[in-house]
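Asker: Going down the list, the protein sequences come from chains A and B.
Here the first sequence is numbered in the working numbering, starting from 5 and rising by one per residue.
Here the second sequence is numbered in the working numbering, starting from -10 and rising by one per residue.
No lab work stands behind these hints, which were simulated from the structure alone.
Given the structure is predicted, the values throughout are model-derived calculations rather than measurements.
Honestly, I wouldn't trust all of these hints.
[Claimed, not checked] Stretch by stretch, here's where chain B covers chain A in the computed footprint (C-beta under 8 Å, at least three residues):
1) 55 to 61
2) 198 to 210
3) 282 to 292
4) 349 to 361
All residues carry an ideal CB built from backbone N, CA and C; glycine is no exception.
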Amino acid sequence: MKIYRIHALICAGGQCISAGGNDFEAALRTEIQKHGLEEEVQIVETGCMGACEMGPMMVVYPEGTLYIHLQPENAKEIVEEHFLKGRKVHQLMWEKAEGHFPTLNEVPFFALQTKIVLRNCGVINPENIEEYIAYDGYTGLAKALGEMTPEDVVAEIEKSGLRGRGGAGFPTGLKWKLTAQAKGDQKYVVCNADEGDPGAYMDRSVLEGDPHTLIEGMAIAGYAVGANQGYVYCRAEYPLAIQRLQKAIQQAKSAGLLGNQILGSRFSFQLQIRIGAGAFVCGEETALLSSIEGKRGEPRKKPPYPATCGLFGKPTLINNVETFANIPVILSKGSSFFNAIGKEGCRGTKVFSLAGHVKTTGLIEVPLGITMKEIIYDIGGGIPGGKVFKGALIGGPSGGVIPSSQLDVPIDYEHLNTLGAIMGSGGLIVMDESSCMVDIAKFFLQFTVGESCGKCTPCREGTRQMYEILDRISCGEGREGDIEKLESLGKVIQDTSLCGLGQSAPNPVLSSIRWFRDEYEAHIKKKVCPAGVCTMTKITTNKEEPRRGRKKASTRTIT
Amino acid sequence: MESQIQQTLHFPQIDRVIRREGNSPEALIQILHGTQEILGYLPEEAQLYIAQQLKIPPTKVYGIVSFYNFFTMKKAAQHVISVCMGTACYVKGSGLLMKKLQELLGTKAGETTEDGRFSYREVRCLGACGMAPLISVDGDIYGRTTPDALPEILQKYTDQ
Chain A
5 MKIYRIHALI
15 CAGGQCISAG
25 GNDFEAALRT
35 EIQKHGLEEE
45 VQIVETGCMG
55 ACEMGPMMVV
65 YPEGTLYIHL
75 QPENAKEIVE
85 EHFLKGRKVH
95 QLMWEKAEGH
105 FPTLNEVPFF
115 ALQTKIVLRN
125 CGVINPENIE
135 EYIAYDGYTG
145 LAKALGEMTP
155 EDVVAEIEKS
165 GLRGRGGAGF
175 PTGLKWKLTA
185 QAKGDQKYVV
195 CNADEGDPGA
205 YMDRSVLEGD
215 PHTLIEGMAI
225 AGYAVGANQG
235 YVYCRAEYPL
245 AIQRLQKAIQ
255 QAKSAGLLGN
265 QILGSRFSFQ
275 LQIRIGAGAF
285 VCGEETALLS
295 SIEGKRGEPR
305 KKPPYPATCG
315 LFGKPTLINN
325 VETFANIPVI
335 LSKGSSFFNA
345 IGKEGCRGTK
355 VFSLAGHVKT
365 TGLIEVPLGI
375 TMKEIIYDIG
385 GGIPGGKVFK
395 GALIGGPSGG
405 VIPSSQLDVP
415 IDYEHLNTLG
425 AIMGSGGLIV
435 MDESSCMVDI
445 AKFFLQFTVG
455 ESCGKCTPCR
465 EGTRQMYEIL
475 DRISCGEGRE
485 GDIEKLESLG
495 KVIQDTSLCG
505 LGQSAPNPVL
515 SSIRWFRDEY
525 EAHIKKKVCP
535 AGVCTMTKIT
545 TNKEEPRRGR
555 KKASTRTIT
Chain B
-10 MESQIQQTLH
0 FPQIDRVIRR
10 EGNSPEALIQ
20 ILHGTQEILG
30 YLPEEAQLYI
40 AQQLKIPPTK
50 VYGIVSFYNF
60 FTMKKAAQHV
70 ISVCMGTACY
80 VKGSGLLMKK
90 LQELLGTKAG
100 ETTEDGRFSY
110 REVRCLGACG
120 MAPLISVDGD
130 IYGRTTPDAL
140 PEILQKYTDQ
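With the hints as constraints, model all of the structure from the sequences given.
Answerer: Okay, here's the thing in structure tokens:
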């Protein structure tokens, strides 16, 4: 094996590429060649490093120098100064305090994280299976096949305390057990990679940055529940993720880690990708299964649950990307390792995509039970521009808002529920004083109105009614009693909708009324928007008619 | 009628997609993906042809095409501008970008400009929230976009 003096890890996550990372890499390669350093410097393209705010970025090892916001013209200086003469280029580094340029592990954004799911993202080349294997990859699968019975594997996952990371937090071990116990000659394992929450992109990062961890997790699941066929249902909006996953599947097949008689055992497992076509409701498990079957993604009532009657009517295990990414670690390091992280009732870590009005945006992985304050201020660096924190949106269109008075509450499934929010898939959008809560509630309602599949009345009609009330409030035409109407309507929709989309659609409205009622009242009674966002007059814009959910549900015209 | 259609559309290409994805109703969505990739949109004729090949009613194909946002029956403009309407982009002002585009292009969202050059639309989260607000033109991403930066971006494509 070749030994290099310097390893330059360049983030090849979707965002760094979009910000021009490829151009920088090309320039760097040219410069390295020009100075004849090919034998001394190795360039590694890694998955997302997480600090998307700083992209395009590069980390230079052995010491861990962090270069950010790189442009092609910076390549020359880095090669001539740093790679040749050993002098770091300070103006391209992240500056913590004046004159202090921390290495990767000294930057709080990175140092305060605990990485399980994202352990390899930003560390290995996602397109090289050997790098994954070198980082203990596929040892979990080898251990399961070589030393454990399927029942042992299920028991190990149960002991770990892992809960589903897709939103609701259903105990993963129990789900596996139910599928394993279900009777059927054919069973399936399905991965939900239809990451629809606007503002969450952790699944994208895992698929792009460490696709083998998903493959390994799904193969272990297949062994545990007795399935020989798996499907990954991925969003069409993530072409790079699909491409890398396809490549990884091919590599795993060639290495005998997927396909027939894996690692010489009697276990066979095939994996296929199904590309979604843009429907938020397909994140709901029964709708997703319909979509894999080539049908409209409409949910059906439960029970029967997919564990007994799922894809093509067969017992099916569905977990999301982040859940599966935990599995290899639980198997290789043992449930006790995993169980030591987090707190009672919610073990392990959670990945959040931190965005909005916060200094360092990006993907972070933290132990469950951490407080919102730690995430926003210690890791995210606080609110930029000297503005005041107003609220944090968690759980996307199904979630709620956490106000400043609740920043010290630990983040776990139960506490978030009592606050009227949900864990969701991990979108975490920070808002400062310039955001209006009525406007945000309206934004989410517009989303759910548009994405309602139209099958059940409370969701199809109810969300539309709520949207119209919010719309008139934001136009200065709110009436006395509108808040109460929103509350009672929201409650009915929660109670009577068929699937999770409708049941949780009122959450952003109800939670913002709960914490920011005065703001709603100001809109209705004083006809003012305290944040100055809402126009407060009815203006007819040329804009595409946004409230077309019902029409869309039946005829779904497309733009 | 049938022979006419066969002349105007590249049916062998759709045939290839069907062969690749499998000639069964459950492959319908994947077949439509492949077809849209080739034609740029899903005209009625293509939908009818696929229905015929899979031996399913055309309404079923139309039901899928109209249900999923990703599929379109309109021929796209030369350059398609997508404005991300994810939450992170929204709180950072993607609504203002839509307004500015309307002003610059003089068309409604989803419509094509008279010269056939541009159309713009809202899209669901593109998953690049760290760079919010962002737009994509023909797949090229522009992060941290301000309304003032839009004329310059459009100019690049006008010159092409």
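Asker: Look at each hint and say if it fits the structure.
Answerer: Hints, verified against the model:
1. 55 to 61: Per the Cβ count (4), the hint holds.
2. 198 to 210: This one holds; 8 residues, not fewer than the three required, reach chain B with a Cβ under 8 Å.
3. 282 to 292: Since three or more residues must qualify, the claim that chain B covers the region 282 to 292 of chain A holds, with 3 doing so at under 8 Å.
4. 349 to 361: With 4 residues in contact (Cβ-Cβ under 8 Å with chain B), the coverage given for the region 349 to 361 of chain A holds.
Against the hints set out earlier in the document, no violation occurs for any number.
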